[in-house]
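So the protein lines, in turn, are chains A and B. Mapping to our numbering: the first sequence position 53 is 53, numbers consecutive. Mapping to our numbering: the second sequence position 114 is 114, numbers consecutive.
The set of hints was computed from the structure by calculation and includes no laboratory data. Here a beta-carbon is modelled for each residue, glycine too, at the ideal position from N, C-alpha and C. It is possible that part of the hints are untrue.
Derived pair list, reagent style DSS-like, types lysine-lysine, alpha-carbon separation capped at 25 Å [stated by the list, open to error]:
1) B:LYS228 to A:LYS3
2) B:LYS228 to A:LYS40
3) B:LYS512 to B:LYS228
4) A:LYS55 to A:LYS40
5) B:LYS223 to A:LYS3
One side only, chain B facing chain A, incomplete, derived with CB under 7 Å [unchecked claim]:
6) ARG60
7) HIS64
8) GLU222
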Amino acid sequence: MTKTFLLEDLDCANCARKMEDAIRQIDGVTEIHVNFLTQKMVLTAEDARFDKILKEAVRCISRVEPDCRVIL
Amino acid sequence: MKMNRRQKRTLWRILIAAALFAAAELLSHSVDALDGLRSLPLFLIPYAVIGYDILWRAARNIAHGQIFDENFLMAIATIGAFFTGSFGEGVAVMLFYQIGELFQSCAVASSRRSIAALMDICPDSASVVTENGEIQTVDPAAVAVGAEIVVKPGEKIPIDGVVLDGTSTLNTAALTGESAPRAVAAGDAVASGCINQEGTLRIRTTKPYGESTATKIVELVEKASERKARTENFITRFARWYTPAVVIGAALLAVLPPLILGSGWKEWIHRALIFLVISCPCALVISVPLSFFGGIGGASRAGILVKGGSDLEALSGASTVVFDKTGTLTEGSFTVTAVHPSVGSAEALLETAAHAEIYSDHPIARSVRESYGEAPDARRVAHTEEIAGRGVRAEVDGHTVHAGNSRLMDDAGAAWHACHHAGTTVHVARDGEYLGHIVISDRPKDDAAAAIAALRALGVSRTVMLTGDAEAVAAETAAALGIDEWHAGLLPADKVSLLESLLEKERGGRGKVVFVGDGINDAPVLMRADVGVAMGAMGSDAAIEAADVVLMDDRPAKIPQAIRIARHTMRIVYENIIFALDVKALILILGALGVAGMWAAVFADVGVAVLAILNAMRALRVPQ
Chain A
1 MTKTFLLEDL DCANCARKME DAIRQIDGVT EIHVNFLTQK MVLTAEDARF
51 DKILKEAVRC ISRVEPDCRV IL
Chain B
1 MKMNRRQKRT LWRILIAAAL FAAAELLSHS VDALDGLRSL PLFLIPYAVI
51 GYDILWRAAR NIAHGQIFDE NFLMAIATIG AFFTGSFGEG VAVMLFYQIG
101 ELFQSCAVAS SRRSIAALMD ICPDSASVVT ENGEIQTVDP AAVAVGAEIV
151 VKPGEKIPID GVVLDGTSTL NTAALTGESA PRAVAAGDAV ASGCINQEGT
201 LRIRTTKPYG ESTATKIVEL VEKASERKAR TENFITRFAR WYTPAVVIGA
251 ALLAVLPPLI LGSGWKEWIH RALIFLVISC PCALVISVPL SFFGGIGGAS
301 RAGILVKGGS DLEALSGAST VVFDKTGTLT EGSFTVTAVH PSVGSAEALL
351 ETAAHAEIYS DHPIARSVRE SYGEAPDARR VAHTEEIAGR GVRAEVDGHT
401 VHAGNSRLMD DAGAAWHACH HAGTTVHVAR DGEYLGHIVI SDRPKDDAAA
451 AIAALRALGV SRTVMLTGDA EAVAAETAAA LGIDEWHAGL LPADKVSLLE
501 SLLEKERGGR GKVVFVGDGI NDAPVLMRAD VGVAMGAMGS DAAIEAADVV
551 LMDDRPAKIP QAIRIARHTM RIVYENIIFA LDVKALILIL GALGVAGMWA
601 AVFADVGVAV LAILNAMRAL RVPQ
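Here chain A stands alone, though its shape is the one from the complex (with noise of 0.2 Å):
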C-alpha cells in the first residue's frame, strides 16, 4: 500500500534525507519518499502492518525534527 502524507513545519533538507534513512530501515517499508520541497512524505509498506509500521514512521520523524508534524 502506498500513502501520501503531508508534513508540516518540515525546515531542514538534512533532515529530510535523514528522517528517509531512519524510517528504510523499519521492518516492512518497500519505498519511502520524504520530499523537502513539497512537504509530503510517500510511504510504501506492507498492507497487513502499515498502521503499526506508519506509527514507528512518524516516531522517526519526531525524533530527528521534534517540530515536525505529520498530517494523518
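Starting from the structure of chain A, add chain B where the hints point.
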C-alpha cells in the same frame, strides 16, 4: 519579503538580541568594573535571547540520540567560544547563524511558493449540472465520468471531456507552453488545465478527475523527485559521511596539535569549534534537489514533462537523437504534395481525379478530394468501379477516367511516366490518354528541419531517422530535414535492434541516445533508449508509462528546447555543488590554519545555503 508568524518572531528576537549585544560590547569596553570575566552576565543575556531555542533543541535531540544534529553542533560551538573566553564571538556567531537561518527559511518558503504556483493548474472546484438542470459547485474529485459540467469564461477546465455545447477559444499555455489559443466547438475533446477564454462551455466528462490531464501532470512532476539523478545520489551519500567526518576532524584538531606541541589548548579548541559550525551539508542537500525540481517544473510549463532528475541529467548529455518518422518528424497524414499535369492545368487534373475518386474511401482518394477543395459534383460521375490494388475507373463528364498506379495505366493503355518525387503517385488517364499524375506524401512538420538544425547547433553529433516506409520516401525526408542517417523498411522489432546497435556505439563515450516517437507501437524502443521521448502522448497511457519525457504537443522543436532546459539545470546543479564544496573546503582549511574565524564559518554554512537556493531558483526560468 513575506514572513510567517514564526519567521517574524525570529526577526524580533534577532533585533532585540542585536541591541542587547551592542549594549554589552559597549559596557564591557567602557566600564572598567565590567571587563574580563565580570562581563560574562552581560553577554549571556543576548545569548539566551537569540539561542534558547537552539540550546533547547540540542538538548532534546541529543536525548534522542541525534549526535550529529545541527542544533547540537551549533550549541557546542558557541558554548565552546564562551569557555575559551570569547564571549562576544559566542553571541555573534549565534546571532549570525539565526540571521542566516531566517534568510534560508524565507528563501525556501519563497521557492515553495513558486513551485506551488507552477503546479496550480488543477482547479479545486467544478460546476456540475444536476438531473433537474441546476448548477452545483462540487469537489472535482467527486464528479462521475459522463457527468455534465459547465465552464465559464476565465475558468479552468477541471476534468477532461468532450464539448457538448458552446464555442470558445482555450488557452493551453499551462499544458503546452504555447500561447496561441485553440478554438473548440461541440464534439471537440478538451483537456483539464486549459483556460476557457470566451464562451461558456458545456462538457461531458470522459475521465475521472484523478486521471485527467492536469492532475496527471502535477502528479508526474511531484513524483519526479523520486527518480533521483546520479548527482543527487552523490549528494545524499556525501551528506551521510560529511558531518561525522568534519566532527571527527574537529575533535582531532582540538586534541592532537596541543598534545604534539604541548601548548595552545585554547587556540586549537577555538579552531576546532569553527569546524563544528560548518558541519551541516544543508546548502547541498537543499539546493541540488531544488535545482532539479525547478528545471522539471519549468520544463512542464513549456509542455515538456520530464519524469525524473535522472532523465533530465541523461537528456543534458544527448549526443545521438533518433526519431521515428511518421507522426514524429512528419505530419502522419497524407496530403497532395505535387500535381504534374502532362495535359492541361494542374487544377483540371485535380478536378478530374477528385471526381473519379468521388466514392472511394481510400486515404489517398480522400487527400485528393481534400486538395481539390470543393465537393465533387456527383451528377458528373457515373459507373464508378474500384479495381483492387490498382485504383479506380469512372465515367466523368462522359469520358472514361482511370486514376491509380502504373499497372492501372498499363491496363488503360496510357503512356505514363514515373515521377522524380518520392511518395505515392496517382496517375490519371482519360479515354486512354495520359493526363499526368498527382503525388501524395506525408509532409514533414513545419518545424522539423529547424529542430534538426537546432540539435546540431547544440552539439548533438548524430541524428537518425527510423521508418517502416520505403527507401525512396525515407531518403527524401531525410535529405529535406538534414538528417545524418536513416533506416527504411523497418519492422517494430528492427527498430529495437537498430537502437541497441546505436547504444552500443555510444557505450564507449559518455553520450546518451535519445529516442523520439509518437508513442504508438514504439513503447519497446522508448524503454530501451537512454531517454525515451513520447510526443503528443497525453492521451496514451502506455506511452506515458514507457517514456522518460512526455511532450504535451507534437512539435519536434520541443526536443532541442528540452535539451537546453536539461543543460541549463545541470549547469546550475554543478555550480551549486562546486560553489558549496569549495567554500566549505576553503573555510575548513583556513579555519584549521587559524586564518578564518567563526564569522566566515557561519557564512560558509548558512550564507552558502541561501546563495545556493537563490541560484537554484534560476532553474525555474526556462531558456527559450
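Evaluation of the provided hints:
1. A distance of roughly 20 Å separates the Cα atoms of B:LYS228 and A:LYS3; the hinted pair therefore holds under the 25 Å criterion.
2. For the suggested pair B:LYS228 and A:LYS40, the alpha carbons sit about 16 Å apart, so the restraint of at most 25 Å is met.
3. Restraint check for B:LYS512 and B:LYS228: the C-alpha separation of about 17 Å stays at or below 25 Å, so the hint holds.
4. Between A:LYS55 and A:LYS40 the CA atoms are separated by roughly 16 Å; this keeps the pair inside 25 Å, and the hint holds.
5. Between B:LYS223 and A:LYS3 the CA atoms are separated by roughly 13 Å; this keeps the pair inside 25 Å, and the hint holds.
6. Given the 7 Å rule on beta carbons, the hint for B:ARG60 holds: about 6 Å separates it from the nearest Cβ of chain A.
7. At a threshold of 7 Å, the smallest CB-CB gap from B:HIS64 to chain A is about 5 Å, leaving the interface hint in force.
8. Hint on B:GLU222 holds. Least Cβ distance to chain A is approximately 6 Å, under the 7 Å limit.
When held up to the earlier numbered hints, the structure conflicts with none and fits them all.
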